[in-house]
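The two chains are supplied separately, each in an independent frame; assemble them into the complex guided by the hints.
Each chain, letter by letter, is given below.
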Amino acid sequence: MTRARRWLGGHAVMIFALFVLLYMFTPIFVVALMSFNDPASRLGYDFDGFTIDNWTHVCDPYQLCSSVTTSLKIGLLATGLATLLGTLMAFAMVRHHFRGRSTANLLIFLPMASPEIVLGASLLALFVNANFAGQLGFWTIFIAHVMFCLSFVVITVKARLVGLDPSLEQAAADLYANEWQTFIRITLPLVVPGIVSAALLSFSLSFDDFIITNLNAGQTVTFPMYVWGAAQRGIPMQVNVIGTIMFLLALSLVLGSGALRRVRGRTA
Amino acid sequence: MTALGHLPTPANTVAPERDEGHRRGPAGYLLMIPGTVWLALFFVLPTVTLAASSLYDPSGSLLNGYQMTWHWQNYTEALREYAPIFLRSFLYAFAATVVCLLLGFPLAYAIAFKAGRWKNLMLVAVIAPFFTSFLVRTLSWKFLLSDNGFIVQTLSSLPAVPDDLRLLATPFAVITGLAYNFLPFMVLPLYASLEKMDPRLLEAAGDLYASPVNGFLRVTLPLAMPGVVAGTLLTFIPAAGDFINDELLGNPRTRMIGNTIQQLFLQAGDVATASALSVTMMVVIVLMVLVYVRKAGTEDLV
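Chains as they are written, first to last, in the numbering used here: chain A, 10 to 277; chain B, 54 to 355.
Among these hints, one or two may not hold up.
Claimed, not checked - Stretch-level coverage of chain A by chain B, calculated; a stretch enters the list once three of its residues show a Cβ under 8 Å from a Cβ in chain B: (1) 62-76; (2) 131-143; (3) 151-157; (4) 265-272.
Treat the hints as calculated values from the structure; they're not laboratory data. Just so you know, even glycine gets a beta-carbon here, dropped at the ideal spot from N, CA and C.
Isolated chain B, as found in the complex (with noise of 0.2 Å):
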């Protein structure tokens, strides 16, 4: 259900808001202050005292109250400790993003040019994972990934497989988990942006000769880009900072960086830490959007 606000609407497509529309006067402040109030209070003042925490005094605790001493050694301790759980959520949530990709575009390909009337249908089947529970969900990949499950039977009962084979608890089964989880934000994206394409354009470029293969990559692709970029953002940054796949699927190696921020928060009261992994995560994740976006020369995310 979570992603009924992306389904694409003909609201959508519409172009932006025309200026000639709007009216003056103070409405237009009225309307806005509540939201902009509450957003101020509880989304920047918070993330300016997550940046200042992350300079406090790391002998602070909850009890003797905290110190702002401009640690900056917050931030290379908390690197030394705890780079390699950064990199694995990075090459986690990059693998999980990869095949979204590659399970996510031909889904949205079919639903949007080769679905007719189970368009619709196709398009709820898509979204009802969110359904239900988030964690219920995930917890099913426990069954299905089990030592005694069907998949682990089967495959270990082929000559080529070990008989020892497990998957689950292992980054195997996170990297699953997360793409499972997260699939249906690239999908989306890539349909909303597919939709639009006129498929005449496709013949167009069989008239002029493009084998099926050179029509997709300069005719479909480019096309699709908005899309791409979108639901590989869309996928990469909540994979990034998740946890709960790696808790319920995997083992203590393949903990992730959100694991260890809550874990620093609330067992360990390391709140200096913590904030210093938060920030270093939130400014490696917006310079590779801006990079990312730079690249794929998009603009127009929402």
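Pulled out of the complex, with its shape left as it was, chain A reads as follows (with noise of 0.2 Å):
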């Protein structure tokens, strides 16, 4: 009995930590549970019966599928360009010398510290003053979506480059490396993994927005919009088999690039 209650006392914390986890995980659980569900009705909620139909037919639901597509697109176009602008700053402000730092320390932190309702709200009204309320669409979300990610994408790179060892330069310069090749073969590909984990976090932070996406979409239709449409109407369970589908994609790209450089380790 003691011994019991010690053991516990011990675990106490993991074992609270882990019904925590479990609070979290859920939903997740959930999400996989109705991509198989066949609903009785459009209102409620519930598990009515087992169907993989659902897989089958993923894009029955008018613009379900669609949706994602233009999600996909912005996503892409909206990664690629906040990555590149943010790379560059992040470049700059770790390894060079400007005025004004302490003023672009704060236009970066500052978005990212904004409720998303403000920023889109802002933008919103931006464009209905300068009259661009009518072409509200595809580009408006691409242009707020490089605004938020960007800040993201500093942080992520600048953390990276802080990181580095000055060393390994300092080496390339002594075995008579020029500047360019310095970066080239040494800086740039030590850079490369928080690169590509901060396009990883900009893809999937223009890829989920609702609130800033929502005021600046016009007509168009992202898939968290059309989630949002369908929460109206009565949700098509095909959505629960594009979250699973998300969620798979996800969890092996963290795995894999986990288990990659664990190999990597090894043989370096």
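Here it is in structure tokens:
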């Protein structure tokens, strides 16, 4: 009895932590479960029967797959530009001298600290005032996504750059590499993991954004906006199929890159 | 996935940039210009426009255009009408932040000190909710809290609980959803600051006859403070502006301010009031952050 109690005392934090993880994981199980749901009515959200129809007929609900395509396109384009602009800024901030550093820091920090609703409302106010309200759509969403992804790219790449061991670059210089060679053969390969995680982060932020997108989308429908609209009419279970696919892709990406790093670490 | 960037890497623990390594010349400016221009055009300029729009003549519309009339009454009218919704938003966000802190601290503590070789796996588990869509994972709470669902059925079979217990479409559901969605933003900064702590400090406290509780309060907690501050802000700010949880899990009486702002913009076309509400929200949050950071006494937020 006392032994059991002592064991419980020693592991209480871990047991509690596992319950919290259960709280975080349960909704993901539900998403996977609901992707096999055969709903009896469009109004409730209960598991009524098992079917694989949702998986074989993913694109049946009107606009569902086209909204996913739109989100993918915006995600890729916004990630590309945000990663480029953000990486340049990160290099400038870590490696170069320029005036106005603290202003630049503030400019990068503020978008991350603002509630999304305010960011979205500001952009919409700008577009309305510029008489651009009629042209809201794909490109205004793109503009918004680049804006809010940029700061996250800067801090992610900056963290990687700051952590680089300067002696590697000094060694390259000692071995008569010029500045450009050092950059291409030493610095860039070392920073690439930071750039890749910044790009993945931007893509997931962009793909998942609803609040800012909704305000600046006009008639364009992204995947989160599709789900929002469907929630008022009755949700097709296929959105859970998309959710499950996203989860599996992201999980394999993260576990895969972890495994890759471990293999590399062993050979190096 | 959203929090990959916050994942503490060894890089984050290195001291801030050294000044001697900075190269002079125009290159720094050239690298900064494109991103700065983008942020100036699509973050600074919009914020200024929003502030200006909040003072427009409220009778303007998309068709007739908007006129700047320094109409400060937009604020008094917006506040008179929407103050309860404002209060509710901050209240829900506060409740969700408290829940996140209570759940997140033990989790972060367990990952930092008890997980051993399971550490990385647990960290992946913490960010796993981000791997699927925000809206889709919020919808699954509709299933979990549904009247016919497992939780409600189990609870109402207990003798002390009324049989007609409802969880869905209540403030409880909204706060549960908010806490669930923003919990990783609490856990990751907490973990980052706990992980840096030297466990020998706790042993030292024990050697000096501090009780475990005292050791926690006087050693662990002060050292975790930067994480607590960052975590609560990263949870509170997005939760206060969120309206996905209240729309999907709440009822018309649990509406939060974000929903009001987007409806005024998109459905009512009332740019002036919507802007006034957005500016108020921003100002309140900035003030709260400043007071809070000063009280908590930490300055390294990023």
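Legend entry - Whether chain B covers the region 265-272 of chain A (at least 3 residues having a Cβ closer than 8 Å to its Cβ atoms): violated (count 1)
Inset, instruction - Mind taking a look at whether chain B covers the region 131-143 of chain A? Criterion is 3 or more residues with CB to CB distance under 8 Å. - result: holds (count 8)
Inset, instruction - Check, residue by residue, whether the region 62-76 of chain A contains three or more positions whose beta-carbon lies closer than 8 Å to a beta-carbon of chain B, and give the verdict. - result: violated (count 0)
Legend entry - Stated coverage of the region 151-157 of chain A by chain B [criterion: 3+ residues, CB within 8 Å]: holds (count 4)
Violated hints, listed in ascending order, are 1, 4; each of the other numbered hints is respected by the structure.
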